[in-house]
Structures are given as structure tokens and as C-alpha cells.
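S.K.: Line by line, the protein sequences give chains A, B and C.
Here the first sequence is numbered in the numbering used here, starting from 4 and rising by one per residue.
Here the second sequence is numbered in the numbering used here, starting from 4 and rising by one per residue.
Here the third sequence is numbered in the numbering used here, starting from 53 and rising by one per residue.
If you're looking for bench data, these hints aren't it; they were derived computationally from the structure.
The structure displayed is predicted, hence computed values, not measured ones.
Be aware that a few hints might be false.
[As the list claims (entries may be wrong)] Heads up, simulated DSBU-like pairs for lysine-lysine below, C-alpha to C-alpha not over 35 angstroms straight-line:
{"no.": "1", "chain 1": "C", "residue 1": "K288", "chain 2": "B", "residue 2": "K126"}
{"no.": "2", "chain 1": "A", "residue 1": "K45", "chain 2": "C", "residue 2": "K170"}
{"no.": "3", "chain 1": "C", "residue 1": "K253", "chain 2": "A", "residue 2": "K53"}
[To be verified] The following label-pair restraints were derived from C-beta to C-beta distances:
{"no.": "4", "chain 1": "C", "residue 1": "R277", "chain 2": "A", "residue 2": "L177", "range": "40 to 46 angstroms"}
{"no.": "5", "chain 1": "B", "residue 1": "P168", "chain 2": "C", "residue 2": "Y81", "range": "30 to 36 angstroms"}
{"no.": "6", "chain 1": "B", "residue 1": "P168", "chain 2": "C", "residue 2": "H86", "range": "43 to 49 angstroms"}
{"no.": "7", "chain 1": "C", "residue 1": "D209", "chain 2": "B", "residue 2": "K29", "range": "40 to 46 angstroms"}
[What the hints assert, rightly or not] Reference listing, derived: stretches of chain B covered by chain A, where coverage requires no fewer than 3 residues with Cβ under 8 angstroms from a Cβ of chain A:
{"no.": "8", "segment": "37–50"}
{"no.": "9", "segment": "60–67"}
{"no.": "10", "segment": "94–102"}
{"no.": "11", "segment": "158–170"}
Glycine is no exception: its CB is placed at the ideal position from the N, C-alpha and C atoms.
Listed below, chain by chain, are the residues.
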Amino acid sequence: MKNDYLQIIESLLFASDLPLTINKLKSILPQSDNKSIKNSIKSLNEKYKKSGSALEIIEVANGYQLVTREEYSIYIQQLFKGRSANKLTVPGLETLAIIAYEQPITKIQMEHIRGVNVDGVVKTLLERNLISIAGREKAPGNPLLYGTTNFFLEYFGINNLKDLPKLKEIDELLKGDEEFLKSLDQIALQQLEPEKLGITNIKPENQSELELNQSPIVSQVEEERKNDNENKTE
Amino acid sequence: MKNDYLQIIESLLFASDLPLTINKLKSILPQSDNKSIKNSIKSLNEKYKKSGSALEIIEVANGYQLVTREEYSIYIQQLFKGRSANKLTVPGLETLAIIAYEQPITKIQMEHIRGVNVDGVVKTLLERNLISIAGREKAPGNPLLYGTTNFFLEYFGINNLKDLPKLKEIDELLKGDEEFLKSLDQIALQQLEPEKLGITNIKPENQSELELNQSPIVSQVEEERKNDNENKTE
Amino acid sequence: MTYKIKLEIFEGPFDLLLFLIKKNEVDIYDIPIHEVTDQFLEYIELMKILDLEIAGEFIEMVAILMNIKARMLLPKPIGISDEEYEDPRTELVERLIEYKKFKDAALEISGFESKRRKLYSRKSIEKYFMKKEISTEEYLNDVTLFDLLLALKKALDNMPKITEHRVTRIDITIEQQTEFILNQFASNSAILFSDLINKMKEKIIIIVTFMALLDLINKRQLSVRQSENFDEIRIKLIS
């Protein structure tokens, strides 16, 4: 099926984010050789040209890559330009999170938590309308205070700041005390007194297998983390 | 240039890794409207079909996306071997279904329906960006509410939440449940060989009930799921 | 190995109950509660013997089933008509049906998932186009509230340490609390559980003490009696 062959190559070139070498294509295509692959790529390119497609296959880095024709780059740039304006960087998101939870907050305070200069990030967040100036602190130098905007709420799909998950909830969400619950369940089970429930054939050996592990239930890390969060930044 | 118009759309769909909404396309294409865009996409799809292309445009997550046709997935999988996320687990799918149909919904409500703790599953779904926090319930304790994301739509290939399959009516639920029985795979019990384990109080009647139909241990659904996970890609 | 994988198929007590109902070919609205309860217990027993983790929900379901079983044995109160009488099984049946509804839906969307995974979209070629204009910082798509949380957690985790930071750590082990419990019997032959814990302020201490107590019971050093539900728990030393 010569025709199918073309389509397999097309699908592979389309799905791959890197140029594909002839060897790679050969390894996937049954009964292919260098010549048949080169010919197929040539046929595909002719087909694209004839049907007036926006795509073409180029030879690059010892391989083949499916790309858009040069003349459409102006449109694609618009696509990405708009998109990057809508995006946040990782440092941006971290700073935004701190502002959201600690507002109103000064730059100095943000830097205290993040440990790095936040000038650039704050500027971007202001430009993006995710934060705004919320007054001045009554302290030496009267530094500016920052807080989140209504657009921030809209962006994250919540109605008001009270809806932001609390630090405790974050910890619960991210960690989940599964181990803890499981160990309690095991004990609960052991305590059921199976005879009374009508289970009579559990042998003592088995019961002993259910014995608890002796490690403290809540790890100290967990405990420390809790304290950390409670005493965090003044 | 009517023809050029098709190509611009093609190049944009090709370049984007996310589905593009009509609004997005309109903002880039000069002098376009909903109708002209919809028509162009239809024409493009017809062109692909006629020329025997490996590509097609699907409607997903309130937008359009250029993807490879299903029949080429076996080849592309070879390209991505070992490089993609696993399929969702059964608890993951069940919890996600509950969230999708009942959103916004609290964890307690999910647990009431599923009858089991959902902490771990919810965390995984959050991490995979399939669900997100959607505010708080106005009820004692103000628990967090959860809902599905745009990526959820993309992941399942549906255009919007209305396209989710209808929940079955009661009588429909109760009859003809081969699939369900399979998924609950009784072989589990057969494999246990109760006698060897020292369980002596299972009466012969019960034992025969525990006996299994001799079908392969793993139902076909399971088998497929396993294979998919092995060859999966994103 | 195999059985471990297989037994996980019952995601929870509802799954197991639905399976038992199906297996016995009985009407969901008329569950023979006695048989089903027995089979449910048998299953838990198997899990125990195989030393599998049994989720608390299964234990909870045993309690619910036992409760329904007991109520079914009671005669219908005099003066209550058939219409007014509520079958003790009703709530459980409704929850089972509700659960089944979503279980079926999950199976359907699982089909969507399989299908969608066969359609490949492009990886972004953004980087080729934007290289000159934007910095090398990674940009994020579709940021959700959860991402915001992760960012906050990361920021707090990486926060420079404050020098005069005080951490109150509660060091408590089961061994310590075992000793504590046994010491209580120096002057008393029996103690009440409530007395044992009522001076404890930290939840974690109460929990560890409780575990120590269970441990002692398990080792048959202590015995525990309670006359009725919610009554005081009396703890005695076994000598």
C-alpha cells in the first residue's frame, strides 16, 4: 500500500517535535529502505505544493521536519505574541502567590520571603493587571503596598479572596495524611473483635501479621512544617 | 484570497499545541467572522479527506485542533515509546466522572458517592490539571469546591461539558451488566484457593459461587487498558 | 503478587456490595442482607489473611450492614402501615445506585480517553518563533489556582531561614506512652480511658497514647471492658 506509506510518514513527521532521521523512519516503517523513504518525502512535498498546503517538509539536522511555509510566519507570530502576554512565568506565579496570601505587602517583604529581587516580576504583574498598588505602609520611608485585583480573582475563577485555599488546606491537599489514616484503619480492624462479628476462623498467626508498625504516626517533618507555616513571615 | 485564508488557518492550527477557539482565529485573521471560519475548517477537513491525508481537524475544548487520524496511532506510539503519562486509574476515572457531572463539588460529597476516601485521587487529578479548585461552598466550614478544567475537555476529546454522555437511568443501570461484572473480575477470588489459605468455613454452596467462569483473568477492557499504558503517548 | 493486583479491583465497599448483589443474582431492592453480610465478611477475611491493607471504609460498611441486619430482625412497629414503614435497606440501596451511575459513566469516559489518546496533536513550535523576543524563562499555560498554590508552597519552602525561629517539636513515641500507661497501674488496679487522656492537650499525644494502648492490648498485657456503647472504657492490667 504505497499510499498508506506516505500517510504514515506524514503522521510521524507531524507528531514529532524533533526532526526525524531516515534511520528513525526506517525503524518504524515496515520494509522500507533509504530510497523508498526519500521518494515518499518527495511525493509528500509535491502533494503539499499541488494542493496548496501551508505545510512543507524540510531537510534539517540530518533529518526531516514538517513545518509551515515561510509566508505564514507573520500570522503564527501573532498567535504566540498574544499568548505569551497571557502567561505567567514561574517566578511571576510565586510572587503573585505571596502577594495574594500576604496582601497588602511591600516589595521588601516579598523579597524577604523569596530571597531575590522582585522588581521585574512586580512590574510584569502590574502590567498584567493581576496586582495593583494598595496604599502605603505606615513605616519609615512609607513603602508602597501591593494587593491583588479583581482581574486576579477572575483569572483564577474565584469569587473573593476568602475563597483562596488556606495554608493548612494546601498542606492537606499536597500531602494527604494517607499513611496516617491507613495505620489507624489497620488498628481499627484489629479491634473489631472478629468473634463477635461471626468471623471465627481467624488464626492467631494472621492476627499477629496485622500488628502495628511502631513508628510515630505523624512524622516530625509534618509537625515542623505546620509550625513553620504558623510562624511564617511577619 | 479565499485560498490563502484556508492556508493561514492551517498554519495556525499546525503551529498551536492547544486547541484554538473561533475567537482566537478571528483575532488573527483579517476580516473574518464565525461563519467564514467554520466554513474554512470544513473545507480544510474535506481537502484532507480527499487527498488522503493522515491529518484531520477535530472540535475539542471549545475550539479546533489539528491531529493525526486514529489509524496511525500505532506508528506514532513507536516514536514516543516510554515517553508519556499513564492512563487514568479506575478510582481516578470514577472520581473525575463524579466531579464532571456534579461540579462544583466538595471532597465530602465525592466521598459520599464513592464510599471511599478521595484525598489521594483528588491530588493526582489536580496535578494532572484535569480538575481545579472552583471556590468554596457556602456551608459550615466553607469546604473547597472542585471542578473540571479546560484541559479535561481536551484530554477526553470533548467540545464542552454538555457533550458528556448522559447518566443512565435506574432501570438501565440495573440490567445487562456484563461489562460491569467483567470489570469486577471474580477471578480474584478463584486465585485465592481458599482451602490452602486455611479458610474452612466457606460452605460448599458458597464455594461454588466463588468459582469462576473460566474466562481469562484479565478482562478485555483491562487488557486493553494495560496495553495502552505500555505504548502510550501524550 | 497476582492476587494483590486482582483484589484491588474492589475500589471500595460499594464495589464489593454491587459485585455480591450481581453474583447472587438478587434484586438490588430486596438484598438478602444476611447472606450478603456474611459474604462481605468472608471477603474481608480473605484480605486479612493475605495481609492486604483493608481500608477503613470496608470496616465502616461492616458496621452499616450489621446495623441493617439487626433492624431487619425487629418486628415492624405496631400501627405503622406498609407505606409508612421504611425498609432499613433503603438508604444503602439508594447510595449503591447513585454510585453505580457514576461508575458506568466512568467506564464511558474511559472510552473517550482511549480514543483521544490515539489522536496526536502537535507539540508547540513556539520556541522556534519566539526565541528572539522572550526570555528563556519558562512560560506557563493555563495556570490554575492549584498552580498558584504549588507556587506558594515552593516559595515558602525555599524561604530563607529566619534566625530566631522557634519550633515547638513534640517528641513522643509509643514506647514512652506505653511506659506512661503501665505506670498508671502502680496505685490503681483499673483505670478509666477518659482519665488516661483527659490531661493531654495535644491531639498527637492522645493518638500515640491510644496506639500504645492498642499495642498493650494486643500483647495481652491489658484488658479492656465496656458495659455498653459510649460507656466508660475500663482498662485492667493482666497479671
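S.K.: Now, for every hint given, state plainly whether the structure supports it.
M.R.: To see whether the hints hold, each was checked on the structure:
1. At most 35 angstroms may separate the alpha-carbon atoms for a hinted pair to count; K288 of chain C and K126 of chain B exceed this at roughly 44 angstroms.
2. Restraint check for K45 of chain A and K170 of chain C: satisfied, since their Cα atoms lie roughly 27 angstroms apart, inside the 35 angstroms limit.
3. Distance restraint check for K253 of chain C and K53 of chain A: the Cα-Cα separation of roughly 81 angstroms exceeds the 35 angstroms cut-off, and the hinted pair is therefore not satisfied.
4. Between R277 of chain C and L177 of chain A the beta carbons are some 42 angstroms apart, a value that agrees with the proposed interval 40 to 46 angstroms.
5. At roughly 25 angstroms, the beta-carbon separation of P168 of chain B and Y81 of chain C lies outside the given 30 to 36 angstroms, and the hint is violated.
6. Between P168 of chain B and H86 of chain C the beta carbons are some 37 angstroms apart, a value that contradicts the proposed interval 43 to 49 angstroms.
7. Between D209 of chain C and K29 of chain B, the C-beta spacing of about 43 angstroms keeps the proposed range 40 to 46 angstroms intact.
8. For a cut-off of 8 angstroms, the count of residues in the segment 37–50 of chain B with a CB near a CB of chain A stands at 1, and the three-residue condition is violated.
9. Proximity of the segment 60–67 of chain B to chain A, defined as three or more residues with a beta carbon under 8 angstroms from a beta carbon of that chain, is not established by the 0 residues found.
10. Interface restraint, the segment 94–102 of chain B with chain A: violated (0 residues with C-beta to C-beta distance below 8 angstroms; minimum three).
11. Here the segment 158–170 of chain B counts 0 residues with a CB under 8 angstroms from a CB of chain A, which misses the bar of 3, and the coverage is violated.
Violated hints, in rising order: 1, 3, 5, 6, 8, 9, 10, 11; the structure is consistent with all others.
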